[in-house]
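Undergrad: Here is how the chains run, residue by residue.
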Amino acid sequence: MLQRIYDWVDERMDITPLWRDIADHEVPEHVNPAHHFSAFVYCFGGLTFFTVVIQFLSGMFLTMYYVPDIINAYESVMYLQSEVAFGMIVRGMHHWGASVVIVMMFLHTLRVFFTGAYKKPRELNWVVGVLIFFVILGLGFTGYLLPWDMKAYFATVVALEIAESVPVVGEMIRVLLAGHEELLGAQTLTRFFAIHVFFLPGALLGLLAAHFIMIRRQGISGPL
Amino acid sequence: MSEKEHNVSRRQFLTYTLTGVGGFMAAGMLMPMVRMAVDPVLEVGAEGDMVAVADLDELTEEPQSFPLNFEQDDGWYEAEIEETAWIYLDGDDVVALSPECTHLGCTVNWEANEDEPERFFCPCHFGLFERDGTNVPNTPPTEPLHRYEHEVRDGTVYLGRPQPQV
Ligand code: FES
Chain A
1 MLQRIYDWVD ERMDITPLWR DIADHEVPEH VNPAHHFSAF VYCFGGLTFF
51 TVVIQFLSGM FLTMYYVPDI INAYESVMYL QSEVAFGMIV RGMHHWGASV
101 VIVMMFLHTL RVFFTGAYKK PRELNWVVGV LIFFVILGLG FTGYLLPWDM
151 KAYFATVVAL EIAESVPVVG EMIRVLLAGH EELLGAQTLT RFFAIHVFFL
201 PGALLGLLAA HFIMIRRQGI SGPL
Chain B
1 MSEKEHNVSR RQFLTYTLTG VGGFMAAGML MPMVRMAVDP VLEVGAEGDM
51 VAVADLDELT EEPQSFPLNF EQDDGWYEAE IEETAWIYLD GDDVVALSPE
101 CTHLGCTVNW EANEDEPERF FCPCHFGLFE RDGTNVPNTP PTEPLHRYEH
151 EVRDGTVYLG RPQPQV
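First to last, the sequence lines map onto chains A and B.
The first sequence begins at 1 in the working numbering and counts up one residue at a time.
The second sequence begins at 1 in the working numbering and counts up one residue at a time.
Same shape as in the complex, but just chain A:
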């Protein structure tokens, strides 16, 4: 049945080359853990992507219950955490997943560094990778405030003060992030929410696309 639907579409659209391009690629022996177990270090990039996908999905579902408003934010998080079936699990996935992404990304960076995979002709992809690193840190930073509890609030107070300590433009950066000249309040929360669910994920998708296209163009770097 599925095969016949596929054939019907394929006959008209010729979709086979589309996914073949994505699925068919060389996996050299030196990155295949079945040949050398130590090749598992090459999995960290994929694992980072996998956890990012979990973050996207669980985040989408969390916004069904979350409100970015100083009166309701904490209450809505408590509600989805304690009243909604599996709410605790989904929030747990997003919460712990955030740390897992950073750990995996760090291990991936180490592997690329120590195998020298960043060298010519792959310098640009290293740069894109570093940008992804900052976007992920930004996601962690903005997401931390959203539950609007004491820990979230004061962590952001401290972070904004660190931002303010930048010479010359520090004050401007703080106001830009907080959305208010003195307060860390209602406008900060909506701002962080917008950055966390629209701006940074959008940027991340673009950067990931660039990252993967470059890998496909240049192939996997050679053995040590």
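Check before you lean on any hint, since a few could be wrong.
[Said to hold, decoys possible] Label-pair restraints from in silico Cβ distances:
#	chain 1	residue 1	chain 2	residue 2	range
1	A	Phe37	B	Val44	44 to 54 Å
2	B	Met29	A	Pro167	37 to 47 Å
3	A	Gly138	B	Ala37	25 to 35 Å
4	A	Gln218	B	Met29	26 to 36 Å
5	B	Tyr16	A	Glu29	22 to 32 Å
6	B	Val41	A	Glu26	41 to 51 Å
7	A	Gly206	B	Asp49	47 to 57 Å
8	A	Pro33	B	Leu42	40 to 50 Å
9	A	Phe133	B	Tyr77	32 to 42 Å
10	A	Val9	B	Val41	31 to 41 Å
[Unchecked claim] Here are a few chain B residues that face chain A, going by a calculated C-beta distance under 7 Å:
#	residue
11	Pro32
12	Met33
13	Arg35
14	Met36
15	Ala37
16	Asp39
I should point out that these hints are in silico values taken from the structure, not numbers from a laboratory.
All values reported here derive from a predicted model rather than from experimental measurement.
No residue lacks a Cβ here, since even glycine has one placed at the ideal position from N, Cα and C.
Dock chain B with the ligand against chain A, hints included.
TA: Chain B with the ligand in isolation, oriented as in the chain A frame:
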């Protein structure tokens, strides 16, 4: 033994196991999320409390409007809701009708139209209801006004939630 003598080829076996394991992982990931999203559908409605609305001796044969205050749980938000009910005595029986028109939800009033005495009138599309809530034929509403569940304890009338009469 060559590949051909097996009923399931090596490639098929790999496809099956990989699809199985992959499907299991994807399901484990998505199940909590989907279950969370459909929670409102599966939730069993909480039994509403009965609210004291009026004293029995305030009631007459004539429908009177009484306020009805209760707390409404809306997820993380709790609202104080004030509704009204049209309550009258039918012999010894208490009848409490919801003022919500069964056409499109406007609010009906007792004898609000001078040409239609002894009837509830809805100003939106001129819906009419008899004293017991029955909708008058050839006016827009298609079912009787909803009736509150009620209970009389120690001379006080308690109301629950309105239920359809049909
Ligand atoms: S809403 Fe009452 S008649 Fe239409």
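Undergrad: Give a verdict on every hint.
TA: To see whether the hints hold, each was checked on the structure:
1. A/Phe37 / B/Val44: 44 to 54 Å: Since the Cβ atoms of A/Phe37 and B/Val44 sit about 52 Å apart, the hinted range of 44 to 54 Å holds.
2. B/Met29 / A/Pro167: 37 to 47 Å: About 45 Å separates the Cβ atoms of B/Met29 and A/Pro167, which means 37 to 47 Å holds.
3. A/Gly138 / B/Ala37: 25 to 35 Å: With a Cβ separation near 27 Å, A/Gly138 and B/Ala37 satisfy 25 to 35 Å, so the hint holds.
4. A/Gln218 / B/Met29: 26 to 36 Å: Holds, at about 31 Å.
5. B/Tyr16 / A/Glu29: 22 to 32 Å: For A/Glu29 against B/Tyr16, whose Cβ atoms are near 26 Å apart, the range 22 to 32 Å holds.
6. B/Val41 / A/Glu26: 41 to 51 Å: Since the Cβ atoms of B/Val41 and A/Glu26 sit about 47 Å apart, the hinted range of 41 to 51 Å holds.
7. A/Gly206 / B/Asp49: 47 to 57 Å: Since A/Gly206 and B/Asp49 have Cβ atoms about 53 Å apart, the given range 47 to 57 Å holds.
8. A/Pro33 / B/Leu42: 40 to 50 Å: At 42 Å between Cβs, range holds.
9. A/Phe133 / B/Tyr77: 32 to 42 Å: holds, 39 Å
10. A/Val9 / B/Val41: 31 to 41 Å: For A/Val9 and B/Val41 the Cβ distance comes to about 33 Å; the hint holds.
11. Pro32: Given a least distance of 4 Å, the restraint on B/Pro32 holds.
12. Met33: The hint holds - B/Met33 has a Cβ within 7 Å of chain A, the shortest such distance being about 4 Å.
13. Arg35: holds, 4 Å
14. Met36: holds, 5 Å
15. Ala37: holds, 6 Å
16. Asp39: Given a least distance of 5 Å, the restraint on B/Asp39 holds.
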